[in-house]
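A.B. asks: Just so you know, the sequences run in chain order C and S. So for the first sequence, our numbering puts the first residue at 1; every next one is plus one. So for the second sequence, our numbering puts the first residue at 1; every next one is plus one.
Be careful, since some hints might not be right.
Keeping only pairs whose Cα atoms sit at most 20 angstroms apart, straight-line, the calculated SDA-like set for lysine to any residue is [claimed, not checked]:
#	chain 1	residue 1	chain 2	residue 2
1	S	337	C	62
2	C	96	S	362
3	S	330	C	104
4	S	78	S	111
5	S	334	C	113
Partial list, computed: chain S residues near chain C (C-beta under 10 angstroms) [as the list claims (entries may be wrong)]:
#	residue
6	31
7	32
8	351
9	356
Derived by calculation from the structure, the hints in this document are not laboratory data. The beta carbon of each residue, even a glycine, is placed where N, CA and C say it ideally should be.
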Amino acid sequence: MTSQNLLPEEFKTLEPLVAVWALPTQNERQQRRIASTRPALKSFYDTMLQQLPAILKKLDEFPLDQLPQKESRLMTLALSLAEVAPHIELYGGDPKVPYAFDEARFVAEHGQHAN
Amino acid sequence: METNNQTLRWASKFPELGTEPIPVEPCIAPEFYEREKDRVFARTWLKVGRVEEISRVGDYKVKKIHFAKTSVILIHGKDGVIRGFHNTCSHRGNKVIVETGEETYGRNKAAVVTCRFHGWVYDGKGQLAQVPEEERFASSFDKSAEGLTPVHTDVWEGFIFINLAEKPDRSLKEYLGGMGQHLAGYPFAEMSQVFSYNTLLDCNWKIALDAFSEAYHVSTIHAGSFPNVFSSGLSDVELFGEHRTTGICLSLNSKPTPVAAIANSITGASLVSQRGSSMLPPGVNPNRHNDFSFELSVVFPNILIHVSEGIWFTHQFWPVAHNKTRWEGKYYVKPAKTNSERWATEFAQVLQRNAWLEDTATMEDTHAALESGAKQHMFLQDEEILLRHGYKVLEQYLEQ
Chain C
1 MTSQNLLPEE FKTLEPLVAV WALPTQNERQ QRRIASTRPA LKSFYDTMLQ
51 QLPAILKKLD EFPLDQLPQK ESRLMTLALS LAEVAPHIEL YGGDPKVPYA
101 FDEARFVAEH GQHAN
Chain S
1 METNNQTLRW ASKFPELGTE PIPVEPCIAP EFYEREKDRV FARTWLKVGR
51 VEEISRVGDY KVKKIHFAKT SVILIHGKDG VIRGFHNTCS HRGNKVIVET
101 GEETYGRNKA AVVTCRFHGW VYDGKGQLAQ VPEEERFASS FDKSAEGLTP
151 VHTDVWEGFI FINLAEKPDR SLKEYLGGMG QHLAGYPFAE MSQVFSYNTL
201 LDCNWKIALD AFSEAYHVST IHAGSFPNVF SSGLSDVELF GEHRTTGICL
251 SLNSKPTPVA AIANSITGAS LVSQRGSSML PPGVNPNRHN DFSFELSVVF
301 PNILIHVSEG IWFTHQFWPV AHNKTRWEGK YYVKPAKTNS ERWATEFAQV
351 LQRNAWLEDT ATMEDTHAAL ESGAKQHMFL QDEEILLRHG YKVLEQYLEQ
């Protein structure tokens, strides 16, 4: 796949994830996780986890909330990992929280804020 | 009463609470709910907000109070005092502030509110300041006597409380008593980033409150989100009149998962990390045990306040009907200073949301099953002592 220059150069291998997982709000990231398959979650988690320390280091080169566009996309990918990680690490890959209340009824008052 | 001091440590400490089964009637009977509304909710102090929500002069918040069929305007006046009023215009009774939901926020620099219907203007003290075409009202109409109907309102540690009684039997400070002192001095305002959730539950408010008031459920309900993280025992249970408090402890031998380990190394925004005690008031975790996670305090009747190092959170349960409850969960952390802190905070908050989804899963089932009438009593074990105290206090209120 040719690079579309969507992410900082050193993270270009993550570009295929951008279309699906670079989502600006927590509500969108949550919906994407719920609608994903187990293999898709696992694949996203494995790819992202390897790069997570480097991603966080890169993001900290910039002041809070002053990320350029490519780094901002990288941030939303990392935030999607925060959304997905418990499902791989704790819930056996289940896209939903097992034995839990209906997430659609849980209103997040902060959930539509970008980033 | 005979108790086994080894296994019934709280029954031994609080013998007045007894050990007998608790009737389920208070959770399901509509008549009980009617009495509760009159004798508890209509006359106790109830938390309705935080000062940070209306921090500037002229800021206001309107909160629906379903059980009382009212909504209350809380306004930050020019004199810096926050006052509460029924959201009902003195003219023909329209709502002064048109609501956009359960909680409506607004701002008027002059610290007045204006009724949309005919433009009557009220100031921050609730006085009627302006009536369009005032001269067309009869001379018997006395503007100075027709302000908004006040609601007793006071502030403790930044929490705004109201009391709907005509004349409260105690001040907020007297009402909170030892509980107010127990949590006083905690720097609530330092944790200025809030994540808020709400939902309407098909259950009695006490079923919801009870589900959050013990740690006995942790090893089963939170087997997913918090496996082997918390020890089930309570620490330092104290009763303060109607109110009650306990410490909840971590088990220190659990190993964090990979992403959790990275997040915990960046921020202390998760309960699932070993916590310090630099900001805890002296009565919270008094012996400074290093496995302490958070303090769980129930301010009667309907709010839980939890404080921990760098985190605090509340659960509040508003009765809407005998079998309907509005739940509000709020999680407060320090604002992130870096992008990696921002990320780690999100991870901690997502995990907490998932744990709350697990907590909330049982409540509607409990209510539905109790309504079958199959059981007349519930059995509380020693570590569910806070629930026992809650039913005892409720009984005292209803007997008054």
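A.B. asks: Please go over all the hints and tell whether each is borne out by the structure.
C.D. replies: We went through each hint and held it up to the structure:
1. 337/S / 62/C: This hinted pair holds, its Cα atoms lying about 11 angstroms apart.
2. 96/C / 362/S: Holds: residue 96/C and residue 362/S sit about 17 angstroms apart, inside 20 angstroms.
3. 330/S / 104/C: Holds, at roughly 18 angstroms.
4. 78/S / 111/S: Holds, at roughly 6 angstroms.
5. 334/S / 113/C: Given that 20 angstroms is the threshold and the Cα spacing comes to 18 angstroms, the pair holds.
6. 31: violated (29 angstroms)
7. 32: violated (25 angstroms)
8. 351: holds (6 angstroms)
9. 356: With a closest approach of 8 angstroms, the residue 356/S hint holds.
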